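Visitor: If you read the sequences in order, they're chains S and P.
Going by the numbering used here, the first residue of the first sequence is number 1, and it counts up by one from there.
Going by the numbering used here, the first residue of the second sequence is number 1001, and it counts up by one from there.
Simulated from the structure, these hints should not be mistaken for lab results.
These numbers were taken from a predicted model, which means no experiment stands behind them.
Possibly wrong hints are sitting among the right ones.
[As the list claims (entries may be wrong)] Below, simulated SDA-like cross-link-like pairs (lysine to any residue); rule was C-alpha separation at most 25 Å, straight line:
| id | chain 1 | residue 1 | chain 2 | residue 2 |
| --- | --- | --- | --- | --- |
| 1 | S | K102 | S | K208 |
| 2 | S | K12 | P | R1007 |
| 3 | S | K183 | P | R1155 |
| 4 | S | K282 | P | K1355 |
| 5 | P | K1385 | S | K69 |
| 6 | P | K1011 | S | D73 |
| 7 | S | K206 | S | E227 |
| 8 | P | K1355 | P | Q1073 |
| 9 | S | K282 | P | S1034 |
| 10 | S | K69 | P | G1010 |
| 11 | P | K1385 | S | E186 |
| 12 | S | K248 | P | M1353 |
| 13 | S | K69 | S | K94 |
| 14 | S | K183 | P | K1139 |
| 15 | P | K1043 | P | N1018 |
| 16 | S | K69 | P | E1289 |
| 17 | S | K97 | S | N6 |
| 18 | P | K1023 | S | S280 |
| 19 | S | K248 | P | N1041 |
| 20 | P | K1139 | P | A1159 |
| 21 | S | K279 | P | K1139 |
| 22 | S | K279 | P | S1308 |
| 23 | P | K1288 | P | L1095 |
| 24 | S | K281 | P | F1033 |
| 25 | S | K12 | P | A1159 |
| 26 | P | K1083 | P | G1365 |
[Unchecked claim] Stretch by stretch, here's where chain S covers chain P in the computed footprint (C-beta under 8 Å, at least three residues):
| id | stretch |
| --- | --- |
| 27 | 1025 to 1036 |
| 28 | 1155 to 1162 |
| 29 | 1291 to 1303 |
| 30 | 1317 to 1325 |
The C-beta atom is built at its ideal place from N, Cα and C for all residues, glycine as well.
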Amino acid sequence: MPDPINRVQLFKILRENQRRNGNPMGVEPEVLVDWSKDQRFYSSSTIIYTGSLYQMMPKAEKFVDLMLKSEMDSRYSLALRMIGSKTASTLASKLVKEDKDKSERAKRILRNASKLLIQNGIDHSYLADDEPYSGILFYDLGLLDQFSDLASSAVKIFKERGVRRIITVDPHSTYAFRELYPKFVEGFDFEVKHYMEVATPMKNDKIKGTFAIHDPCVLSRHLSLGEAYRKYIDALGVDYVEPERSGKMTFCCGGPVESLAPAVSSSIANIRCSQLRDKSKKAVVACPICLSNLGRCGNISSQDKSIEVFDALELTYYG
Amino acid sequence: MDDEFIRTKGKIYSALRNPTMQKGIQRGMASFFSNLNFNLNDKDILNLSDEVERIKSSADIERLVKQAVDSIQRNGVDVFLAKNKEEALSQVKRLTDDDRLIVKSKSMVAEEIGLRDYLISQGKEVWETDLGEFIIQLKRDRPAQMVAPSLHIPREEVASLLSEFFKMNFDKDDLQGMVDVVRRFLREKIAKADAGITGANAISAKEGTIVTVENEGNIRLTMTLPKKHIVLSSIEKVVPSTLDAVKVSLAQSYFAGYTKPTYISLTSTPSGTGDIEKVMVRPAQGSKEMHVILLDNGRMSAINTPFSGVLRCIKCGACQMVCPTFSVCGPAWGGDVYTSAIGLIWTAITEGMDKSENLSYFCLGCNACNEVCPVSIDISGMISKLKERASLSV
């Protein structure tokens, strides 16, 4: 291992990204809001909150790939270091440029979420350029000062914009708002709902086959929304099968350690993919991090081990 | 820059390149999970774990230890409180000075003080009587997990270790053959041993009774056949009554993935008989003398800290056996003694916070450990506390 990523280096990159672009992956603000073009929003105290997670994943994948490479080849670690510097070289920026298909996929997922809410009579607005990042990654890395600052400024923005009710599209932001923010920010009195708690999708006849259901840890264990998840999939009319380790006993996708130990993360993802693959060639998840982490290992595995991974919001269809 | 973190990561990464270890761990985890699931369908077992949680949560360790010391002494048994590893070893030395052959059962507390190596360095012949620990002894390794020390060593490697030691050939699929040879060897050693050292799953304060749970039968032999029985345990094992101690031991066995324990032993005094005119004569068939050493090693100072929950731990190892990071990193993810999940907290308590801080970054925060813990320890929350502490310096 020529140059393993250390904490100092990584934390510097993430903080610099946050400072510059308002999210730890450094995704450009226009990319974050791109999904909302041509979408209809309402003036409402209810908002859809993306937490930037689906939008960050394509870049995060490139970033993690670069880290994996840099842990094997020192030329890449030089590039990685440049990303952390203020004058990132064009080469370095190119190395972490999002894959176009993956970006489109993220946009589609978010559009589906918004349409789902409208169809369920939940008019909502979107804070777009003003939408704050929850800070959850900083919390997960033990960087509580940073998280606490981000939480305070997020709450300030919500209050200024007259937000009363927040509908989230991913489990991590839901957990941050519901369980963590009240401990970090005084007067956090917003109603926080995950989309699966408030919306029922239409039956989607276009989906064929049986899916192995993967419970995201935060959704099914931390938030106890495993049943809501299954009700949602049932409403879609999608057949699913329980893998070894499901529901509250689910097995993590490995995602949470990908920034500090990408090789540990991908080994865990491989194990999870093979548990899912034992049940079906297709799997459903409900979390951007699981989607990215399991999706990648599903693709790179050999033919007989490969598995296609879909987000529940992708199976939610609106023509 | 960030050397300690890099060193830890290097150790963990080299484990990722060890498919033999991973094979052993992953096989073990899969069969553990189906056994645990079976047990979790039993309402009585769930009720028992609730009860054990209450017993362990309300324990005032300082007071209970005082009471236990009095009770144990009243039973005619010597008892010593050891503040740290050095004090414990010096007690063992004093107690075993004249002994030549010593057998011992598996004990994480013995690992904490490096007991086997210490005794060997004192010129004693020492044998581990638990099969897994015996394999560890042959490999000069350390336990991968609290209940199944040789979890990371698949059958192929066991066969080659035994072949080398016994100078005979073992077929990797002839598990029966391997166990038979070890059984014959160890029985002979136990029968000839001068002293037997065991641990304890729980100790009752009121009665001074030591409770152990096992499936192999080696603990019973180790504590009864030699004339001297030494119990080496730790202070958080003390619970109010013998009934409580039995409940703790049963729960330990169920959550370690066994449907029912083969043996539970209650030991209060050295063996004796009053069959001739009601006059007590010692020993009868069991040990003649019994000694108890209770180790602190950082536990007392954990009370009233964010890590005090670890003192409820009954060392069933369930949290380790469901941990995704453990499944790929195995024992490399741990301190010198305790590995993965709750093992990170035990490392913080017994080896110091600095030792486990860097390990905390490899925790997913997935809460699988919390989900299976029979006494509801917030393992994941404690590990994230370690992470916070570690990140303060970056």
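Visitor: Next, verify each hint and record whether it holds.
Guide: Here is how each hint holds up against the structure:
For the given pair, S/K102 sits about 22 Å from S/K208 by alpha-carbon distance, which is consistent with the 25 Å threshold. With a C-alpha separation of about 20 Å, the suggested pair S/K12 and P/R1007 falls inside the 25 Å cut-off, and the hint holds. This hinted pair does not check out: S/K183 and P/R1155 have alpha carbons roughly 49 Å apart, beyond 25 Å. At roughly 42 Å between alpha-carbon atoms, S/K282 and P/K1355 are farther apart than 25 Å, so this suggested pair is violated.
Under the criterion of a C-alpha separation no larger than 25 Å, the hint pairing P/K1385 with S/K69 is inconsistent with the structure, at around 31 Å. Taken as a hint, the P/K1011 and S/D73 pair is honoured in the structure, with Cα atoms around 19 Å apart against an allowance of 25 Å. Between S/K206 and S/E227 the alpha-carbon distance is near 24 Å, which keeps this suggested pair within the 25 Å criterion. For the hint pairing P/K1355 with P/Q1073, the CA-to-CA distance comes to about 37 Å; that exceeds 25 Å, so the pair is violated.
Restraint check: the Cα-Cα separation between S/K282 and P/S1034 comes to about 24 Å, which is no more than 25 Å; the hinted pair holds. Among the hinted pairs, S/K69 with P/G1010 is consistent with the structure: their alpha-carbon atoms are about 15 Å apart, no more than 25 Å. For the proposed pair P/K1385 and S/E186, the alpha carbon gap of about 21 Å is at most 25 Å, so the pair holds. Between S/K248 and P/M1353 the alpha-carbon distance is near 30 Å, which puts this suggested pair outside the 25 Å criterion.
Between S/K69 and S/K94 the alpha-carbon distance is near 15 Å, which keeps this suggested pair within the 25 Å criterion. At roughly 49 Å between alpha-carbon atoms, S/K183 and P/K1139 are farther apart than 25 Å, so this suggested pair is violated. Taken as a hint, the P/K1043 and P/N1018 pair is broken in the structure, with Cα atoms around 39 Å apart against an allowance of 25 Å. For the hint pairing S/K69 with P/E1289, the CA-to-CA distance comes to about 62 Å; that exceeds 25 Å, so the pair is violated.
Between the alpha carbons of S/K97 and S/N6 the distance comes to roughly 22 Å, so the proposed pair stays at or under 25 Å and holds. Only pairs whose Cα atoms come within 25 Å are accepted, and P/K1023 paired with S/S280 is accepted, the gap being roughly 23 Å. In summary, the hint linking S/K248 to P/N1041 is supported, as the alpha carbons are separated by about 14 Å, within the 25 Å threshold. Between P/K1139 and P/A1159 the alpha-carbon distance is near 12 Å, which keeps this suggested pair within the 25 Å criterion.
Note on S/K279 and P/K1139: the hinted pairing is violated, with a Cα-Cα distance of about 38 Å set against a maximum of 25 Å. This hinted pair does not check out: S/K279 and P/S1308 have alpha carbons roughly 41 Å apart, beyond 25 Å. Between P/K1288 and P/L1095 the CA atoms are separated by roughly 13 Å; this keeps the pair inside 25 Å, and the hint holds. Between the alpha carbons of S/K281 and P/F1033 the distance comes to roughly 23 Å, so the proposed pair stays at or under 25 Å and holds.
For the suggested pair S/K12 and P/A1159, the alpha carbons sit about 49 Å apart, so the restraint of at most 25 Å is broken. Note on P/K1083 and P/G1365: the hinted pairing is violated, with a Cα-Cα distance of about 33 Å set against a maximum of 25 Å. Residues of the stretch 1025 to 1036 of chain P with a Cβ under 8 Å from some Cβ of chain S number 3, which satisfies the need for three, so the listed coverage holds. Counting residues of the stretch 1155 to 1162 of chain P whose CB lies closer than 8 Å to any CB of chain S gives 0, so the stated coverage by that chain is violated, three being the minimum.
Only when three residues or more bring their CB closer than 8 Å to a CB of chain S does the claim for the stretch 1291 to 1303 of chain P stand; here the count is 0, and the claim is violated. Counting residues of the stretch 1317 to 1325 of chain P whose beta carbon lies closer than 8 Å to any beta carbon of chain S gives 3, which reaches the threshold of three, so the coverage claim holds.
Violation of the numbered hints given earlier is confined to hints 3, 4, 5, 8, 12, 14, 15, 16, 21, 22, 25, 26, 28, 29; the remaining hints are satisfied by the structure.
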